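**Q** Next come the chains, spelled out residue by residue.
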Amino acid sequence: MPDRAEQPAADDAREALDSIQAMEKAALSRGIPPQWFGASMALLAGALVALSAADHREYHVYVLLLLSAVLVHRSQKTGVSLRQIPTKLVGIAIIVLTPLFFGLIVVAQLFSNAIGTFWAALAVGIVLAIAVYTLSLFERRWHIARIGSIGSGSGE
Amino acid sequence: MKRKGFDTIIHAPNRLQICAFLAPLQEAEFKVLRQELDVSDSVLSKHIRQLEEAGYIEQRKSTVDGRQRTWVSLTSAGRTAFVQHVEELKRLVLFPSE
Chain L
1 MPDRAEQPAA DDAREALDSI QAMEKAALSR GIPPQWFGAS MALLAGALVA
51 LSAADHREYH VYVLLLLSAV LVHRSQKTGV SLRQIPTKLV GIAIIVLTPL
101 FFGLIVVAQL FSNAIGTFWA ALAVGIVLAI AVYTLSLFER RWHIARIGSI
151 GSGSGE
Chain Z
1 MKRKGFDTII HAPNRLQICA FLAPLQEAEF KVLRQELDVS DSVLSKHIRQ
51 LEEAGYIEQR KSTVDGRQRT WVSLTSAGRT AFVQHVEELK RLVLFPSE
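The listed protein sequences derive, respectively, from chains L and Z.
The opening position of the first sequence corresponds to residue 1 in the numbering used here, with each subsequent residue numbered one higher.
The opening position of the second sequence corresponds to residue 1 in the numbering used here, with each subsequent residue numbered one higher.
Quick caveat, the hints were computed from the structure, so don't treat them as lab data.
Note that this is a predicted model, so its numbers are computed, not measured.
Glycine is no exception: its CB is placed at the ideal position from the N, C-alpha and C atoms.
Relax, there's no trap hidden among the hints.
To give an idea of the interface, some chain L residues facing chain Z are shown, with a C-beta separation under 7 angstroms as derived from the structure:
#1 14
#2 17
#3 28
#4 81
Using C-beta positions, here's what the derived DEER-type ranges look like:
#5 62/Z with 103/L: 36 to 44 angstroms
#6 126/L with 95/Z: 52 to 60 angstroms
#7 80/Z with 94/L: 22 to 30 angstroms
#8 64/Z with 113/L: 43 to 51 angstroms
#9 83/Z with 142/L: 20 to 28 angstroms
#10 55/L with 62/Z: 34 to 42 angstroms
#11 42/Z with 59/L: 43 to 51 angstroms
#12 59/L with 90/Z: 47 to 55 angstroms
#13 60/Z with 59/L: 30 to 38 angstroms
#14 66/Z with 142/L: 31 to 39 angstroms
#15 80/Z with 21/L: 17 to 25 angstroms
#16 77/Z with 142/L: 26 to 34 angstroms
Only chain L is shown next, with the shape it has when bound in the complex (with noise of 0.2 angstroms):
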């Protein structure tokens, strides 16, 4: 067990306090989703989609695997992996997310009659990158926020 002695003064705990609170921002600086990930992931996520909704989910495979490999490159690149935080901003990612999934299959299926099913799979295709992508640029900015947030009082 450690030895739990000596305690310092109250400018010394308070400089042990900054530094804490530095490293901590250097931690999340370093963890800010780059917007080239936000990219990433709207467009699988949209091509994913896509493929579902003109029914050829014989190449979902190589879209998971697409997703394996830019979450494996981003935590490779930054050199930091973020603790998973339930927020509100997961919750509503995963609530809105979810049926607009489905969703968008059976409005692709219903319009395929009237526009084609490729244009019907590429135009839910877009809604869905277009919403992953907004998302994405919320929890940048959520992220963010968090930073600027440490030191103020209302950090975590």
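Put chain Z on the given structure of chain L with help from the hints.
**A** This is chain Z only, laid out in the frame that chain L set:
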């Protein structure tokens, strides 16, 4: 004077910085930690070993493009000890005479 949350293993400046950097993360690469702390490999290794011996940190090796990379993360015991340590530091700042 003994204090419940104060931890001398964590409180050493470099080890405090290591724990603070790892706290919001799932894991970080050794190279990144070295850059952030601006210390040599041997100094960082020494501090990581001390934290590892206390059960506060664990390491994971991975190979990417034929090069070995080391990833470091806080254990749950390390996370708890760090949180308690930070609480104790805050208490010392707020109530220095206690």
